[in-house]
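Trainee: Fit chain B to the given chain A structure using the hints.
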Amino acid sequence: GAGVSQSPSNKVTEKGKDVELRCDPISGHTALYWYRQSLGQGLEFLIYFQGNSAPDKSGLPSDRFSAERTGGSVSTLTIQRTQQEDSAVYLCASSLSGTGREQYFGPGTRLTVT
Amino acid sequence: KQEVTQIPAALSVPEGENLVLNCSFTDSAIYNLQWFRQDPGKGLTSLLLIQSSQREQTSGRLNASLDKSSGRSTLYIAASQPGDSATYLCAVETGFQKLVFGTGTRLLVSP
Chain A
11 GAGVSQSPSN KVTEKGKDVE LRCDPISGHT ALYWYRQSLG QGLEFLIYFQ GNSAPDKSGL
71 PSDRFSAERT GGSVSTLTIQ RTQQEDSAVY LCASSLSGTG REQYFGPGTR LTVT
Chain B
128 KQEVTQIPAA LSVPEGENLV LNCSFTDSAI YNLQWFRQDP GKGLTSLLLI QSSQREQTSG
188 RLNASLDKSS GRSTLYIAAS QPGDSATYLC AVETGFQKLV FGTGTRLLVS P
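Protein sequences, first through last, are from chains A and B.
Position one of the first sequence corresponds to residue 11 (my numbering), numbered consecutively onward.
Position one of the second sequence corresponds to residue 128 (my numbering), numbered consecutively onward.
Isolated chain A, as found in the complex:
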């Protein structure tokens, strides 16, 4: 079956602009996660959704970052007023609900802020 998909695969934007990154989870997966992978920080958790609600937003680095999920499916990560330090690969994952579930990752969106 189809895996996790993300779009766009690459995004180049100017400092100060807003960007939206999209994630389509595996069908039937109620849990959805966003992670960020950058050279200096490794792979770090950003936010977790269970259905349309986000019980854990602890990883969002600043109030410029927000995310939403609609219909228990597609999620959008929005970065406002982008900064150069936002340049990274943004990865989305999904899983069945509950602890101990295997997370399946998408190919990521490479964001470059110039």
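Any given hint could be a false lead.
To be verified - Across the chosen pairs, the derived CB separations fall in these ranges: (1) B:Ser186 to A:Thr122: 30 to 38 angstroms; (2) B:Arg188 to A:Thr122: 32 to 40 angstroms; (3) B:Asn149 to A:Ser15: 31 to 39 angstroms; (4) B:Asp166 to A:Arg91: 28 to 36 angstroms; (5) A:Gly61 to B:Ser186: 45 to 53 angstroms; (6) A:Pro71 to B:Thr153: 37 to 45 angstroms; (7) A:Glu95 to B:Gly187: 38 to 46 angstroms.
Derived from the structure by calculation, the hints contain no laboratory data.
On a predicted model such as this, the values are computed, not experimentally measured, just so you know.
Every residue, glycine too, gets a C-beta built ideally from N, C-alpha and C.
Mentor: Below, chain B alone, put in the same frame as chain A:
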């Protein structure tokens, strides 16, 4: 705060060798541990998932063990092949299904 460390950071071996990658974590209160591989410019591919109550998992030439009390996991790769070349990441699940990732081991298998 949970911290995950992987040793070695990089490893280069000839084809056919058996090898061991190490992962250690500071807080033993985990739900599970997952091993991934990442190819350059690609996302993560899940290799093995070990629940906190399990000691090991096997898939083909891969075997992963977990010693939760000592905060350690190993990934054993038998009869390595050039196609195994990738970065290997371990991650532990903490509360709210959050994964905390290790620093990764970059593996190169030469023909």
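Trainee: Take the hints in turn and mark each one as holding or not.
Mentor: Structure-based check of each hint:
1. In this structure the supplied range 30 to 38 angstroms holds for Ser186 (chain B) paired with Thr122 (chain A), their Cβ-Cβ distance being about 36 angstroms.
2. Checked against the given bound of 32 to 40 angstroms, the beta carbons of Arg188 (chain B) and Thr122 (chain A), roughly 37 angstroms apart, stay inside it.
3. Separated by about 33 angstroms at the C-beta atoms, Asn149 (chain B) and Ser15 (chain A) satisfy the suggested range of 31 to 39 angstroms.
4. In this structure, Asp166 (chain B) and Arg91 (chain A) meet the distance hint of 28 to 36 angstroms, their C-beta atoms being roughly 33 angstroms apart.
5. Distance hint for Gly61 (chain A) and Ser186 (chain B): a CB-CB separation of about 31 angstroms, inconsistent with the stated range 45 to 53 angstroms.
6. Between Pro71 (chain A) and Thr153 (chain B) the beta carbons are some 22 angstroms apart, a value that contradicts the proposed interval 37 to 45 angstroms.
7. Evaluation of the 38 to 46 angstroms hint for Glu95 (chain A) and Gly187 (chain B) yields a pass: the beta carbon distance comes to about 40 angstroms.
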